[in-house]
Structures are given as structure tokens and as C-alpha cells.
Amino acid sequence: MSNPLEFAQTAVSVVLGRDHLVGRDLDQMTIQELEASAKVNEERLRLARQAAWIGGFGSGLLGALSVAKMMR
Amino acid sequence: MSTPTSKALLESLRQADHTAAGLIQQPRGLSIPTPKPPADLVATPGIEDSAERTAHRANLIALVRKQQEELPVVAADQALRGAVIGGLAGLGCLLLRGMLVSRPPEVDYRVEEEPEADHLVEEPREDYDE
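Sequence lines, in order, name chains A and B. The numbers in the working numbering rise by one with no breaks, and the one at position 63 of the first sequence is 63. All you need for the working numbering is the position in the second sequence, starting with 1, plus 72.
A couple of the hints might just be wrong.
To be clear about the criterion: a stretch of chain B counts as covered by chain A if any three or more of its residues have a C-beta under 8 angstroms from a C-beta of chain A, and this derived list gives those stretches [stated by the list, open to error]:
(1) 121-129
(2) 133-141
(3) 146-155
(4) 158-164
In case anyone wonders, no lab produced these hints; they're calculated from the structure. Idealized CB from N, CA, C, for every residue including glycine.
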């Protein structure tokens, strides 16, 4: 999580389903483009994993607290 | 004991064997022998054999497709794990807070006075006098 802005952009793009390879034909890409895409995808995967974990953790925490508050 | 006939037969078999081995080694049909690249050409960065380049490209395409496919699965998996851990953490925090903040139950040590039983005593009714 080096850059918070990049992290937020990636999280939003993952949530919205945007992809940097939309409309691109992999068979028509050069090796350099494919290598760059693989690196970007790896980074996206890492950031998406972190964002999903943090989001899930927050949701679970708030959910547990809300349920406990309702049961009082 | 070999006869001249068998000697000739052996010789012809050897010749056929050599010929067949030569035939196998020869390129047949439309096969074009691929010249090996020079030793320094393979080691040069950016310059590879065509087959290696094709294989590398196929591997990259497979890798990118796999990454594209597993992205939502990984995100959902991590979100679920985070939700479970977050829920457990929230419940653990509540439990800890309840243990630390809770006070001992207040016990009332005062002796309760027994209620007067005046209302239980029946007053004599005037009806019985008659």
C-alpha cells in the first residue's frame, strides 16, 4: 500500500468492475504489452486483496457491534 | 557355420540397415530444418528464437487470463475472511469490554422487616352475637 490514492483508485476500479484490458485482444498484443499487463494485473490483485480484506473486516466489525447493540 | 548364401544375406541386411538409418536422418516432406541460433544470439536480451518467443507469449497470455479470472474470486474470498475476522474481533471487543467494565452485582444486606399481618386478623363480626 505505497500510495493511498492508487490504492483507492484500484479498490474503486475493482468494485466497479473496470479493467485496463477491456476491449483489448490479448492475441493482438505484443510481448512487451503483455508483460506490462501482467505486472499491472499482479499489482491490482494485491491491492484488491488488501482492499477486500479491509472492507470485509470493517463490515464484520460494525455488523457484530450493531447486532450486539440491538440485542441489549 | 555360415554358408555363402547366409553371408550374402547378412551383408544385404547390414546395407539395408545403414540405408534405413540414413533415410530416417534425412528430412522428408516439407520439413525445413530450423537452423540453430548462434550461441551469443540466445544470450542477447530481446533477441530469442522464434519458438521461445511464441512459448513466452503464450505463457504471458495464459498468465494474464488467469489473473483476470481470479481477481473477483480472490476479492470475494478475502472479503469473506475479513468479515469473519472482523465479526469475531467485534464480539471479542464487546466481551472484553463487558469483562472490564462490569461491576459486581449489588447485594442488599439490609434485613427486611416482616410485613405486619394485621390484615390477616379477622375482626369479630357482630352477626355472631345474636
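Taking 8 angstroms as the C-beta cutoff, is the stated coverage of the region 133-141 of chain B by chain A satisfied by three or more residues? Held - the region 133-141 of chain B has 6 residues with a Cβ nearer than 8 angstroms to chain A, which meets the minimum of three.
Tell me whether the statement that chain A covers the region 146-155 of chain B is true, taking a Cβ distance below 8 angstroms and needing three residues at minimum. With 10 residues in contact (Cβ-Cβ under 8 angstroms with chain A), the coverage given for the region 146-155 of chain B holds.
Under 8 angstroms between beta-carbons, do enough residues of the region 121-129 of chain B, three at least, approach chain A for the coverage claim to hold? holds (count 3)
Are three or more residues of the region 158-164 of chain B within 8 angstroms, CB to CB, of chain A? holds (count 6)
In summary, this structure violates none of the numbered hints.
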